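S.K.: These are the residues of each chain, in order.
There are 2 protein chains.
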Amino acid sequence: MKAGFVQFAPEFCNYDRNLVLVEDILDASDQVDLLVLPELANSGYNFASREQAFANAEEVNDSRFIKVLHEYCRRRKSYVASGFNERVGDQLFNSAILVGPDGLIGKYQKIHLFLNEKDIFTPGEAGLPVFATPIGRLGLLVCFDWIFPEVWRILALKGADIICHCSNLVLPGFAQRSVPIHALINHFYVITANRIGSEGSLTFTGMSTIADPRGNVLYQAGPDTMELRFFNFDLEKARNKQMTPRNDLFADRRPEMYQELLKL
Amino acid sequence: MKAGFVQFAPEFCNYDRNLVLVEDILDASDQVDLLVLPELANSGYNFASREQAFANAEEVNDSRFIKVLHEYCRRRKSYVASGFNERVGDQLFNSAILVGPDGLIGKYQKIHLFLNEKDIFTPGEAGLPVFATPIGRLGLLVCFDWIFPEVWRILALKGADIICHCSNLVLPGFAQRSVPIHALINHFYVITANRIGSEGSLTFTGMSTIADPRGNVLYQAGPDTMELRFFNFDLEKARNKQMTPRNDLFADRRPEMYQELLKL
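Going down the list, the sequences are from chains V and B. Just so you know, we're using the working numbering here: the first sequence kicks off at 1 and counts up by one. Just so you know, we're using the working numbering here: the second sequence kicks off at 1001 and counts up by one.
Bound-form chain V, shown alone:
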């Protein structure tokens, strides 16, 4: 199967413009099974207030953004994972959604909020789903989740072949260096789709990264170029957890020794 990312700059608080932008980018793509878009691709990132974020959010059951993705996936028989500024009643979540030929498949609500996101979003309470699809088992993470090894491991243990990591990274290359190691130590593929451009004092660092289950960087984008890239993935490489003929990364775990991980 073929999978990759779209690295671009959503326009801040211009929902209508982002709909057209995403639609145009996807329509121009070659045939690909899975594309990952950045964090908050429908709204932009650097909100001055909760009210501003709220005005640029949608509910998943009534979303023009998801309709655009669904229409693309239906025509192409493909899948898109995207960051999504999600409204649920009077709450906002920094979510990632997975859309396929039949529409919305599911969502993940970001568990670990970064900096001023804490003033705007509710931390996710709905766990770390893995979605079994005809193109593979897909896990979703959002941006700052990169620094918590726990969530990568949990998605691996739940059978994920590919982690779709929707990002608006601003720190200098830390995540881009780290995701190939998460890929290696969990033996799955990682697609980090980062954005480019600036909003206020924040400059996003691009360098979207595709890593394979041996930690090889299949591709890393430039820091400020709009790019859509994809590669052939061999999911058997993600499903085989053998590191040596006598070492299986899962069978060799010693969970009885890991109690301290749940320490509060």
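If you're looking for bench data, these hints aren't it; they were derived computationally from the structure. Since this is a predicted model, take the numbers as computed values, not measurements. Ideal Cβ positions, reconstructed from N, Cα and C, are used throughout, including at glycine. One or more hints might be untrue.
Claimed, not checked - Quick list of the computed label-pair ranges, beta carbon to beta carbon: (1) K237(V) with V1088(B): 32 to 42 angstroms; (2) E11(V) with P1245(B): 24 to 34 angstroms; (3) Y1219(B) with P101(V): 46 to 56 angstroms.
Said to hold, decoys possible - With a straight-line cut-off of 30 angstroms between C-alpha atoms, the simulated DSSO-like cross-links for lysine-lysine are: (4) K237(V) with K1118(B); (5) K1241(B) with K263(V); (6) K241(V) with K1263(B); (7) K1237(B) with K118(V); (8) K1158(B) with K118(V); (9) K158(V) with K1118(B); (10) K1263(B) with K237(V); (11) K1237(B) with K1002(B); (12) K263(V) with K1158(B); (13) K1241(B) with K118(V); (14) K1263(B) with K263(V); (15) K1241(B) with K158(V); (16) K1118(B) with K241(V); (17) K1237(B) with K263(V).
Dock chain B against the given chain V, drawing on the hints supplied.
M.R.: The following block gives chain B in isolation, referenced to the frame of chain V:
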């Protein structure tokens, strides 16, 4: 404080020679607070049988190897962490020991065994200690533990400033690429002391690595050179878990979401 590693080639199944070799290397060193030696530095690695390993093991309470390290530490008022082929009754453990000016401080018995080690050693059951010493809080890991993010995280949560990672690495650079990321995502120092040379079909990959709490590689040794290197460590950098003004790596954890990590 100053800390570093000794990268050398223990002589296979030549206990007397290794005693002299280690003593000579340590005596020739400049003053340093902590040195880390490779895995199984007293015995060599690639045993043909359990009997051969047994004949080159010692108990910690009656060890000439530990006496050599203790004598060095006493004279220099310094600390050494070293891999140690440990006999406990009729069992063998692939251990790491920590020795200081007053003698043996403690040990760690390798939890995750690699390849044919499974025929020789008992997997460690004694957990993951962190030793509070006058030069800092030290955690011990051995070689293949590198691929299990759980053990690095547990040592961080238990307050380790520095991980002494005693190694005989043979895979092509995977661990050496990974330990700086373990350092970054846990905000501690890592010293990976790897060995050089060959034993039978195994060639050890050197490239001993010192990484700081921001994931910077302070130094990486050559693949086949004998080296003793150390650097100034600022332990405050390891104790400050702030990633941003509003993100503390420990306070931001969501252990209530991590239950699946203990899945067997």
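S.K.: For every hint, state whether the structure bears it out.
M.R.: The hints, checked one at a time:
| no. | hint | verdict |
| --- | --- | --- |
| 1 | K237(V) with V1088(B): 32 to 42 angstroms | holds (40 angstroms) |
| 2 | E11(V) with P1245(B): 24 to 34 angstroms | holds (28 angstroms) |
| 3 | Y1219(B) with P101(V): 46 to 56 angstroms | holds (52 angstroms) |
| 4 | K237(V) with K1118(B) | holds (25 angstroms) |
| 5 | K1241(B) with K263(V) | holds (16 angstroms) |
| 6 | K241(V) with K1263(B) | holds (16 angstroms) |
| 7 | K1237(B) with K118(V) | holds (25 angstroms) |
| 8 | K1158(B) with K118(V) | holds (27 angstroms) |
| 9 | K158(V) with K1118(B) | holds (27 angstroms) |
| 10 | K1263(B) with K237(V) | holds (23 angstroms) |
| 11 | K1237(B) with K1002(B) | holds (14 angstroms) |
| 12 | K263(V) with K1158(B) | holds (10 angstroms) |
| 13 | K1241(B) with K118(V) | holds (18 angstroms) |
| 14 | K1263(B) with K263(V) | holds (16 angstroms) |
| 15 | K1241(B) with K158(V) | holds (29 angstroms) |
| 16 | K1118(B) with K241(V) | holds (18 angstroms) |
| 17 | K1237(B) with K263(V) | holds (23 angstroms) |
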